[in-house]
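There are 2 protein chains.
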Amino acid sequence: MQKLLMTPGPTTIPEAVKLEMAKDIIHHRTEEYSEIFKELSENLKCVFKTKNPVITLTSSGTGAMEASVTNLFSKGEKVIVISVGNFGNRFIQLTKLHGLDVKEISYKWGESAKPEDLKKVLSEEEDVKGVFLTHHETSSGVLNDVSAFGKILEGTEILFVVDSISGILSNEFKTDEWRVDCAISGSQKGFMTPPGLAFVSLSNRAQEAMKKSDMPNFYFSFAKHLDRLAEGQNPTTPAITLIFAANVACQLIKKEGIDNVLKRHKKLQILTALGIEALGLEFFVKNSEDRGSTLTSVIAPKGIDGQEVNKLMQEEGVTIAGGQADYKGKIFRIGHLGDVNELDVIVTFSVLEKVLYKLNYREFEIGASLKAIQEYLIKNI
Amino acid sequence: MQKLLMTPGPTTIPEAVKLEMAKDIIHHRTEEYSEIFKELSENLKCVFKTKNPVITLTSSGTGAMEASVTNLFSKGEKVIVISVGNFGNRFIQLTKLHGLDVKEISYKWGESAKPEDLKKVLSEEEDVKGVFLTHHETSSGVLNDVSAFGKILEGTEILFVVDSISGILSNEFKTDEWRVDCAISGSQKGFMTPPGLAFVSLSNRAQEAMKKSDMPNFYFSFAKHLDRLAEGQNPTTPAITLIFAANVACQLIKKEGIDNVLKRHKKLQILTALGIEALGLEFFVKNSEDRGSTLTSVIAPKGIDGQEVNKLMQEEGVTIAGGQADYKGKIFRIGHLGDVNELDVIVTFSVLEKVLYKLNYREFEIGASLKAIQEYLIKNI
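Chains as they are written, first to last, in the working numbering: chain A, 7 to 387; chain B, 7 to 387.
Derived from the structure by calculation, the hints contain no laboratory data. Just so you know, these numbers come straight off a predicted model, no measurement behind them. Just so you know, not all the hints are guaranteed correct.
One copy or two, either will do: identical chains are not told apart, so a pair holds if it fits within one copy or between any two.
Stated by the list, open to error - Dumping the calculated DSSO-like pairs for lysine-lysine here, alpha-carbon to alpha-carbon at most 27 Å:
1. K57 to K9
2. K230 to K334
3. K125 to K230
4. K334 to K44
5. K29 to K385
6. K55 to K109
7. K9 to K44
8. K218 to K102
9. K336 to K55
10. K9 to K81
11. K157 to K135
12. K102 to K81
13. K261 to K81
14. K261 to K109
15. K364 to K230
16. K217 to K308
17. K102 to K217
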């Protein structure tokens with residue numbers, strides 16, 4: 007059996023995407039390259055559900071997050087950063103690092119952000135220039151209601167920057183309808199492509215803000231990227247193989263249909279939840295409505311180190327993710343995004359049961375999780 | 007026949023490197039990944055000829071050039087930037103953009119930098135914190151004598167930052183012996199790997215300067231990269247497939263032997279020069295000692311658009327590079343670096359003769375370039 011990557015990025019890569027990278031490379035300053043990059047850029051707009059341009063950076067998602075701060079704001083400007091975990095905290099770090107005046111709205115890990123809290127801070131603070139929000143928080147599995155936050159910003163000129171690095175394609179995301187000015191994603195999550203690319207959508211409002219920013223940018227200059235986007239070019243040498251791979255992945259996504267991709271992820275989330283419940287395990291995200299379809303985070307049973315669960319599962323050929331920061335060892339995270347299907351969930355629970363049993367967690371009937379998943383599968387044919 | 011990439015990056019990729027990227031991806035927060043990344047980091051030290059750490063960034067070379075400015079210097083510090091072309095000019099742009107006090111030493115494109123000019127400026131300027139130099143200038147094919155500049159800096163605390171993005175592996179480069187504090191390279195040149203990675207060596211002096219810099223860095227923070235280097239990890243998600251590909255490429259380079267790789271490139275340079283002379287064409291770099299073994303830049307014959315030469319050659323399956331900036335259309339550049347050999351040069355000249363003939367440049371005996379190359383090959387068996 008092929009090793010299984012049930013992690014929230016990098017994800018398992020479809021064969022066609024892998025083989026694309028093994029092809030002879032072509033030079034990027036050619037029409038052939040430009041045609042493919044143009045196609046990718048259009049595909050990204052389709053996935054982001056936006057009419058605005060989506061630029062592609064050669065970097066991880068963090069590079070794009072930092073670039074959103076340095077391209078769209080000026081030093082001293084007031085912004086509100088909403089954090090529900092590790093990656094929300096990264097926005098706090100980045101905005102502070104670059105000299106913005108940061109008002110934080112932070113939540114306990116595992117809880118989602120409340121729109122009324124943003125309303126309250128907005129009523130107290132004057133001259134807010136931007137709001138930063140995480141769509142899906144990879145560290146906990148919490149999904150924020152981006153749409154509700156966007157509604158609050160209607161009628162204002164406040165920039166809405168949303169990290170949907172692990173959110174998009176496993177959860178509904180509507181850039182324009184939700185009034186998102188700058189949406190950020192990465193190649194190694196829902197896009198089923200290896201890491202190395204970040205995607206950034208820019209509304210007119212974001213593009214206007216970009217012109218006024220006083221921070222220096224060269225490699226990450228959004229303006230330079232936008233300048234060359236229409237001709238299918240990049241300001242500096244792009245990660246050509248990854249761009250071609252991402253384009254093939256987008257073709258697969260379009261073939262499956264974005265709605266079907268979303269439905270598949272929702273189903274995988276349901277199956278995983280059934281398995282977890284059948285094993286008597288506890289969800290880290292208490293409120294089921296706050297859980298995304300990207301991953302399921304689970305509290306390690308009493309006396310069991312979450313890292314051990316990961317380690318033993320990896321030895322059996324299934325890689326899941328551990329907890330981050332304070333939650334290292336306390337939770338484990340089962341990713342179910344990218345090129346995965348229901349059989350991968352079956353395999354994952356077969357291994358999880360075995361590993362938990364080995365670690366002396368035996369509060370379940372052997373096979374219970376597989377039975378629960380199987381029942382759903384057969385009753386929903 | 008496979009299409010031939012005679013460009014100064016991206017270069018033709020060896021089969022083993024291409025196939026490496028088509029393998030199943032693994033997660034980067036695993037021991038398996040760390041082992042490979044550690045191996046790559048050691049291989050890079052070997053190629054850079056340095057005892058200092060070499061960090062790997064997910065970005066193009068420009069990203070690393072910008073990062074060398076923002077990590078190693080503070081605003082207002084005085085630096086000398088030596089430019090012999092497009093990429094030297096990029097260092098001027100980057101240092102100015104980030105608020106350094108920049109003293110420029112610029113040369114006409116096609117000429118190499120003179121060590122005595124640096125000596126002179128150093129004697130006139132006080133408190134110089136850094137010197138920026140391009141090893142091999144990709145825009146013109148000029149090779150600078152890094153060693154001679156390094157000697158001038160002996161006994162000072164001035165940081166020596168060298169862009170060897172297209173220089174290393176096709177031309178001798180000795181980081182430590184030449185007193186280079188920060189050497190920069192990229193995956194898509196001598197490393198025979200697709201673009202997307204940049205490599206940066208950091209001397210103790212550079213690491214000390216890093217601690218004093220007042221500029222904000224997160225994604226490109228050298229400190230964050232150094233912190234995790236020993237454990238074989240990266241601060242954010244790295245371009246995993248490219249890292250594995252670069253490691254396989256380094257294995258191939260070590261197998262061939264770095265000295266043999268350099269000799270091969272020197273030979274390709276000689277063969278290309280013989281071909282150019284046999285066609286009665288003019289070198290853009292007048293002084294033969296100033297030419298690197300990365301590429302050969304050629305002045306387009308009178309009345310012929312250099313871009314046309316490129317275009318027609320590409321139609322015949324051989325991609326070369328055009329002129330940049332003011333030299334667009336005026337020169338063309340034949341890359342001979344990476345996974346190329348003497349037969350690739352033969353093929354290139356077969357196509358070049360044909361294309362020049364088509365464009366009505368006929369100041370040569372048909373087959374003259376092939377004959378000249380062939381004579382060298384047979385007499386040097």
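Tested hints:
no., hint, in the structure
1, K57 to K9, "neither (39 Å within a copy, 37 Å between copies)"
2, K230 to K334, "between (40 Å within a copy, 20 Å between copies)"
3, K125 to K230, "neither (35 Å within a copy, 36 Å between copies)"
4, K334 to K44, "between (41 Å within a copy, 24 Å between copies)"
5, K29 to K385, "neither (43 Å within a copy, 36 Å between copies)"
6, K55 to K109, "neither (29 Å within a copy, 48 Å between copies)"
7, K9 to K44, "between (34 Å within a copy, 23 Å between copies)"
8, K218 to K102, "both (19 Å within a copy, 19 Å between copies)"
9, K336 to K55, "neither (37 Å within a copy, 44 Å between copies)"
10, K9 to K81, "neither (47 Å within a copy, 49 Å between copies)"
11, K157 to K135, "within (16 Å within a copy, 51 Å between copies)"
12, K102 to K81, "both (10 Å within a copy, 19 Å between copies)"
13, K261 to K81, "neither (44 Å within a copy, 51 Å between copies)"
14, K261 to K109, "neither (43 Å within a copy, 56 Å between copies)"
15, K364 to K230, "neither (55 Å within a copy, 37 Å between copies)"
16, K217 to K308, "neither (54 Å within a copy, 43 Å between copies)"
17, K102 to K217, "both (21 Å within a copy, 19 Å between copies)"
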